[in-house]
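First to last, the sequence lines map onto chains A and B.
Take the first sequence: its letter number 37 is residue 36 in the working numbering, and every next letter is one higher.
Position in the second sequence (from 1) plus 75 gives the number in the working numbering.
Read the hints as simulated data drawn from the structure, not as lab findings.
The beta carbon of each residue, even a glycine, is placed where N, CA and C say it ideally should be.
Where hints are given, some of them may not hold.
[What the hints assert, rightly or not] With a Cα cut of at most 20 Å, we get these calculated EDC-like pairs of lysine to aspartate or glutamate:
#	chain 1	residue 1	chain 2	residue 2
1	B	Lys128	A	Asp113
2	B	Lys139	A	Asp103
3	B	Lys87	A	Glu132
4	B	Lys128	A	Glu31
5	B	Lys139	A	Glu34
6	B	Lys128	A	Glu58
7	A	Lys156	B	Glu206
8	B	Lys131	A	Glu144
9	B	Lys118	A	Glu7
10	B	Lys131	A	Asp17
11	A	Lys164	B	Glu115
12	B	Lys131	A	Asp71
13	B	Lys128	A	Glu7
14	B	Lys128	B	Glu86
[Claimed, not checked] Where chain B lies over chain A, by a calculated footprint (3+ residues, C-beta under 8 Å):
#	segment
15	14-27
16	34-40
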Amino acid sequence: MLFMNQNEFVKLITPFKDKVFRLAKRLLVSTEEAEDATQEVLVKLWSRNSSLDDYNNVEAFAMTMTKNFCLDQLKSKRAGNLQIVHTNFDNKEPSSDKILEDNDSLGWVEKIIDQLPEQQRLIIQLRDIEQYEFGEIAKIMDMNETAIRVALSRARKTVREFMIKTHSYGIG
Amino acid sequence: MELDRIENLLEKYFRGETSIAEENELQDYFSSPNVAQHLEQYKPAFGYFALAKGQKFEQKIPLKSKKRNRTWLSIAASIVVLLGIGTYGYFNYENENQNLNLGTYDDPEVAFRETQKALSMLSSQVNVGIESVQYIQEYDNSKDLIFK
Chain A
0 MLFMNQNEFV
10 KLITPFKDKV
20 FRLAKRLLVS
30 TEEAEDATQE
40 VLVKLWSRNS
50 SLDDYNNVEA
60 FAMTMTKNFC
70 LDQLKSKRAG
80 NLQIVHTNFD
90 NKEPSSDKIL
100 EDNDSLGWVE
110 KIIDQLPEQQ
120 RLIIQLRDIE
130 QYEFGEIAKI
140 MDMNETAIRV
150 ALSRARKTVR
160 EFMIKTHSYG
170 IG
Chain B
76 MELDRIENLL
86 EKYFRGETSI
96 AEENELQDYF
106 SSPNVAQHLE
116 QYKPAFGYFA
126 LAKGQKFEQK
136 IPLKSKKRNR
146 TWLSIAASIV
156 VLLGIGTYGY
166 FNYENENQNL
176 NLGTYDDPEV
186 AFRETQKALS
196 MLSSQVNVGI
206 ESVQYIQEYD
216 NSKDLIFK
């Protein structure tokens with residue numbers, strides 16, 4: 000197949016590179032780690048270059064790579080060979096992080112979502128934030144659509160429970 | 076009316092059964108200023124989803140994989156060169172060793188005599204060659220006579 004040059008590649012990934020980053024951040028939480036993971040995934044994608052034509056949906060493929068890469072990261076971190084990361088010493092904050100801090104109740108939602116099990120976090124990210132169709136989520140998650148709806152429902156209900164609690168405590 | 080519909084959609088939403096279009100409808104409703112009071116609690120969730128979608132990846136993508144390939148290539152090349160030099164030296168060494176063992180004579184005296192014999196045979200042949208050169212000298216002489 001044809002070899003893409005860098006410009007063509009950048010054009011190819013522009014529509015979804017932010018989604019890759021947001022998915023990585025949903026799993027890794029730290030902005031810096033998510034940026035590293037995004038770079039890693041995109042460079043891996045670039046190294047596949049001419050074989051990319053074989054994947055008719057490069058975006059879904061990139062999202063799957065991101066999911067797998069970040070889950071591996073988390074696994075090896077849990078296994079103990081962790082790089083003790085700069086998570087808490089993050090100084091440069093993207094603008095939306097700032098908005099989140101300023102807005103207490105939205106910050107709460109993020110905290111609640113980030114405490115969900117990894118699979119539910121991924122699914123709520125892919126559906127409620129990125130608005131993928133269930134068919135696409137099934138492909139990325141390598142699960143069937145019914146299982147995805149069940150997990151999504153569970154995740155949404157957990158978020159609701161927390162929201163009701165915080166609301167009645169008057170925080171929200 | 077509208078509130079009924081929103082409540083129904085919300086129920087569907089929590090069962091994981093809404094379509095993207097319906098979820099957008101909910102999103103629109105909760106970002107509007109007139110959310111019913113008993114539904115206020117859902118506002119932050121939908122507000123967060125909209126906000127989170129705006130996060131962008133601002134870093135550069137280090138697409139320099141070609142360079143990395145080249146360093147590997149040069150490492151491979153230098154290994155090949157080293158191997159080449161190594162094998163060349165090895166075989167040279169072998170050859171020299173073999174040269175020392177060449178020859179069929181054990182006694183150097185016999186070898187010397189045989190070498191002399193071979194050389195004198197060679198020189199007698201060379202002399203035959205030189206005799207024929209004498210004829211050419213003759214031609215030169217007569218040529219000189221004619222063209223003074």
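Now the hints, each set against the structure:
1. B:Lys128 - A:Asp113: holds (15 Å)
2. B:Lys139 - A:Asp103: violated (41 Å)
3. B:Lys87 - A:Glu132: holds (16 Å)
4. B:Lys128 - A:Glu31: With a Cα-Cα distance of about 18 Å, the restraint between Lys128 of chain B and Glu31 of chain A holds, given a limit of 20 Å.
5. B:Lys139 - A:Glu34: This hinted pair holds, its Cα atoms lying about 17 Å apart.
6. B:Lys128 - A:Glu58: With Cα atoms ~16 Å apart, Lys128 of chain B and Glu58 of chain A stay inside 20 Å; holds.
7. A:Lys156 - B:Glu206: violated (119 Å)
8. B:Lys131 - A:Glu144: Roughly 28 Å between the alpha carbons, so the hint for Lys131 of chain B and Glu144 of chain A is violated.
9. B:Lys118 - A:Glu7: Distance of about 41 Å is beyond 20 Å: violated.
10. B:Lys131 - A:Asp17: holds (5 Å)
11. A:Lys164 - B:Glu115: Holds, because 13 Å separates the two Cα atoms, which is no more than 20 Å.
12. B:Lys131 - A:Asp71: violated (23 Å)
13. B:Lys128 - A:Glu7: violated (25 Å)
14. B:Lys128 - B:Glu86: violated (23 Å)
15. 14-27: It holds: at least three residues are needed, and the segment 14-27 of chain A offers 6 whose Cβ sits within less than 8 Å of chain B.
16. 34-40: Result for this restraint: holds, n = 3.
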